[in-house]
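Novice: So the chains spell out like this:
Number of protein chains: 2
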Amino acid sequence: MAIGRGQQAFPRTEYVRRLTAVKSELARRDIDALVVSDQNNITYLTGYTAPSGYVPQGLVVSAYEEEPTFILRRCDAPAAIHQCFMERDKIIPYPEALIANPEKDGHDAVIDYLEDIGLTNRGIGIEVSNLSAQTAEKSKGRLPDAKIVDCTNAVTWLRLVKSDLEIAVMREAAAISDAAILRAAEVIRPGVREADASAEIVGTLIRGANGKPGTNYYPMCLCSSPRTGTCHIPWSEDVFRMGSQVNLELGGVRHGYCAGLMRTYSIGAPSDRLRRVHEIQVAGLEAVLEMIRPGVTCSDVANAFHRTIEKQGLRSETRCGYAHGIGWIEPTASLKTGDMTELKPNMTFHLMLGNWIDEDFGYAISETFRVTESGVEVLTTAPRKIFEI
Amino acid sequence: MAIGRGQQAFPRTEYVRRLTAVKSELARRDIDALVVSDQNNITYLTGYTAPSGYVPQGLVVSAYEEEPTFILRRCDAPAAIHQCFMERDKIIPYPEALIANPEKDGHDAVIDYLEDIGLTNRGIGIEVSNLSAQTAEKSKGRLPDAKIVDCTNAVTWLRLVKSDLEIAVMREAAAISDAAILRAAEVIRPGVREADASAEIVGTLIRGANGKPGTNYYPMCLCSSPRTGTCHIPWSEDVFRMGSQVNLELGGVRHGYCAGLMRTYSIGAPSDRLRRVHEIQVAGLEAVLEMIRPGVTCSDVANAFHRTIEKQGLRSETRCGYAHGIGWIEPTASLKTGDMTELKPNMTFHLMLGNWIDEDFGYAISETFRVTESGVEVLTTAPRKIFEI
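Those protein sequences? They're chains A and B, same order as listed. Counting along the first sequence from 1, when you hit position 52 you're at 52 in our numbering, and nothing is skipped either side. Counting along the second sequence from 1, when you hit position 146 you're at 146 in our numbering, and nothing is skipped either side.
Chain A on its own, in the form it takes in the complex (with noise of 0.2 Å):
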């Protein structure tokens, strides 16, 4: 029996507008087909968010098809015809023959659809970065008469503008986002394990806000006394105590589209430094937010929260965020000191301010907001303090 197309997070036009930007960027690179390697890229080209992305698999947007085509395990196949806003005949299994096996693999499946299509002698884009140096190997060897063109981040930089439709989910992500920062204020207390009020939280990030679930879990960042210093810890083993600080970053998903925000708690009144930290930071967040705007660039961005925090005596080491989406980090444009990617509307980026200032010391907000046409709209909303527990 077949299986049938499931709920869609987008209607098929918005696929559509996405391929033909897509295909204008192949016309630009006299190209004829690319192949999407990247799990995101993926995701954003057709809304297939089942992570099958550990064996490979490939998308081909061909310049002289609608609809592109999806090349992966056959077990994941009934999972893409769920899922995508494609015809099922765009859906190409391959065997099981290919897995754990070192002489072929779902590469070269990718490539015998090529020759199938007869464009194995044109232009062919790929993810140079996406791939290992044997598989970027084997598509030259087995490709000798094509014009093989790195296609790295061709479609990610599609994605830094959202559309509304877009805007829209990222708005559900960051309500479910806001739920759990809130939720961690509960549970967070003295004498209570960190993975009990992780489950809890976690629980909130899958639950979700709205009557929205959240459709997937990105990992979660609890970092904790004497922790604070650290940045990627899920949780650890021990119990909270009276006057612990924790570092909380998370982030609500909806349709693969996540909202990120971080938040300070203290169990007990914060310490003097503490509150000073946190009264710098924001300072220096509110300037940022106050100069985003369409035509300012990333570097001013950075620079004005550096510019904030240094006047009052504090300094930070890491960027100040990251054009933010699909699977959390987007990798292109990066708010830091030297990237001059000019801010537009519906650009979103995730405003990280986490500040690692000692080896066990360290604070944690963050906001996500997309650029409007003449501002800035802060989608998440929590609180802007330190929760005191």
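These are computed hints drawn from the structure, not numbers from a lab. There's no promise every hint is true.
Just a few of them, taken from the derived set where beta-carbon distance is under 10 Å, the chain A residues facing chain B [claimed, not checked]:
| # | residue |
| --- | --- |
| 1 | I3 |
| 2 | P190 |
| 3 | K336 |
Beta carbons are placed, not taken as given, at the ideal position from N, Cα and C, and that holds for glycine.
Let chain A serve as the given structure and place chain B on it in line with the hints.
Specialist: Quick look at chain B alone, frame taken from chain A:
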């Protein structure tokens, strides 16, 4: 202030044992140092589990030093000092300027370190499959006098046979998997949203079992009617309904080690077809377990399964499992026809007998086992039944 070393999952002697095996491998391949990029191999050799591998980092194992050296992003260095077994001078932070920098990244910092220790004209192993094509090229370009040897999966193969200490940790993970499978039977109910049940199941994976919390969350799959023919969907936005079937795949995690487990649930009486498939699959599973002992090959194991179910009129296309431990799949031995890897005591596998029979019908059962001196120990212990709700 300095961050201290946290509680360690394994004693120093265990890491020294693992590193001694790596150094024997270096000697066998006539190379002087190995650059480990794979995050799971880094966990294996150091105890580090924080997920910072989304930016380049590298662990250098030198034939001439007892401890390896870990080069990673500065803001992640405190977590490495906290989690790794090595002395703190073996943690080398690289500056934030190498993040989102197209000219120079963390791999350059790793090569800088090889220069510092004077090994750039010696034999250097790299894990080519874990490097992008660009990074592999860079390694060759910046190390023109080195003899570069592809050591993809060299460490991974060493991970295949576990120590008794590792087995003990996998037993803890398996107990968590069992608890989550039983919790699912309590929360899967008609009218309940899949997300709400998933929040409870994931909560159990994080809270853990026997006083041992899960130390991380590895993605769970919950594929319910009409999606039982899919295998990698986290959960959907639907509610469960009377007559629905639910296939669940999950695994508790302790210190990076997991123990995969799959079971099938039926809301209301299972169909005759489901019942029949279950009986055949369990017969196949038992046939496999009866034959497992040192000296048998992975191919023998897979053939025993296929032979048993085919006698009863069922087929399965997917492989029967894979080496299992840190990070879910270990890309080494595969329980499939033709894999001539011989089983040895303390090898561990996820015996994954999910069978996606039709686009709209599949069935899930699995166990995590270790090979013993004379047979098999199944680490997961949930009842091998269809859980009737």
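Novice: Next, verify each hint and record whether it holds.
Specialist: Structure-based check of each hint:
| no. | hint | result |
| --- | --- | --- |
| 1 | I3 | 4 Å, holds |
| 2 | P190 | 17 Å, violated |
| 3 | K336 | 6 Å, holds |
The earlier numbered hint that this structure contradicts is number 2, and it is the only one.
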